[in-house]
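Make the full structure from the sequences, and use the hints.
Residue numbers are given in the UniProt record's numbering: position 120 of the sequence shown equals residue 120, and the series is strictly consecutive.
Honestly, the hints are just simulated from the structure, not real lab data. Beta carbons are placed, not taken as given, at the ideal position from N, Cα and C, and that holds for glycine. Treat the hints with caution; some may be incorrect.
Computed list of lysine-lysine pairs in BS3-like fashion (alpha-carbon distance at most 27 Å, straight line) [what the hints assert, rightly or not]:
1) 110 / 100
2) 100 / 143
3) 110 / 57
4) 110 / 49
5) 49 / 37
6) 49 / 100
7) 143 / 110
8) 37 / 100
9) 100 / 57
Taking CB as the label site, the calculated pair distances span [stated by the list, open to error]:
10) 151 / 62: 18 to 28 Å
11) 106 / 55: 18 to 28 Å
12) 147 / 80: 15 to 25 Å
13) 94 / 126: 34 to 44 Å
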Amino acid sequence: MMTNSRTVKNNLIDMLFADTWLMVCQLRQGAEITDGKAFYRRVCEHIDKTRQNLTEKGYSQSAIENMLYAQCALIDESVMNRIERDDGYLQWIQSPLQAKYFNTLEAGDKLWDRLRNLLNEPAPNHDVLICFHRVITLGFVGKYRQTNAPEREQIIELLNTQLPAYALSSDLPLVMKPKHRINRRHIYWLGWFGGIMVIAMLWWGFSVSLEHLLQQWVIQGK
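Structural data, given as structure tokens:
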């Protein structure tokens, strides 16, 4: 059976970052980290593996750095913004991933700066844009604590207009393809809806539960 090449390309980013997306979903539901050092070590191994996978897939160094930066920023925020100040929080406050891998503590600002720079490129890498889109869809806010901040909405709207169509639909049956012209405000919400549906399909599509994934990472990190 033939496979739609656009779907494969879209799924590539979601497959390469699948464990990250699933882990973040669980963390944002308040999952507890009982052994911060073990979990931190396992997450670092995961990031190193992601770099290796991206390199093997032939991505440029610039694309890899941007995607890993977004990955680190999302995980940092997901761990540290939980209500419970558990052992994971204490470990992360000492050494956030962004500090370890990029020597910065300003991902809340710089992720948005990176995205803005990408959007200003004449031909931005679509896979990198998809990665940033997923990171924002999964809840990254950074400096924009108000999700309806005008500047934030403007960046997201521009991102949605530059994403390839398959990044929003990916042939998912639950995503409606508009038949009529839509205004810019509709594009903004379509991008959010498409991203959420892709993440939702990932949620149901993987056999390993999120809770088990977190527990497995802690156990393997010991």
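Indicate whether the distance between the beta carbons of residue 106 and residue 55 respects the range 18 to 28 Å. Because 26 Å falls inside the window, the suggested range holds.
Given the hinted pair residue 143 and residue 110, is their Cα-Cα distance within 27 Å? Roughly 9 Å between the alpha carbons, so the hint for residue 143 and residue 110 holds.
Would you check the hint for residue 110 and residue 57, treating anything up to 27 Å between C-alpha atoms as holding? Within the cut-off at roughly 26 Å; holds.
Is residue 49 within 27 Å of residue 37, Cα to Cα? holds, 18 Å
Is the straight-line distance between the alpha-carbon of residue 100 and that of residue 143 27 Å or less? holds, 20 Å
Agreement of residue 110 and residue 100 with the hint, judged by alpha carbon distance not exceeding 27 Å: OK: residue 110 and residue 100 at ~15 Å, within 27 Å.
Pair hint outcome, residue 49 versus residue 100 [Cα-Cα no greater than 27 Å]: Satisfied, since the Cα-Cα distance of roughly 15 Å is no more than 27 Å.
For the hint 18 to 28 Å, verify it against the beta carbon of residue 151 and that of residue 62. Given range 18 to 28 Å: holds, Cβ gap about 24 Å.
Restraint status (C-alpha distance of residue 37 to residue 100 at most 27 Å): holds, 14 Å
State, for the Cβ atoms of residue 147 and residue 80, whether the hinted interval 15 to 25 Å holds or is violated. Hint holds: Cβ distance 18 Å, inside 15 to 25 Å.
At the C-beta level, are residue 94 and residue 126 separated by a distance inside 34 to 44 Å? holds, 36 Å
If you draw a straight line from the CA of residue 110 to the CA of residue 49, is it 27 Å or shorter? The hint holds at about 23 Å.
Going through the hint list in order, the structure satisfies each hint without exception.
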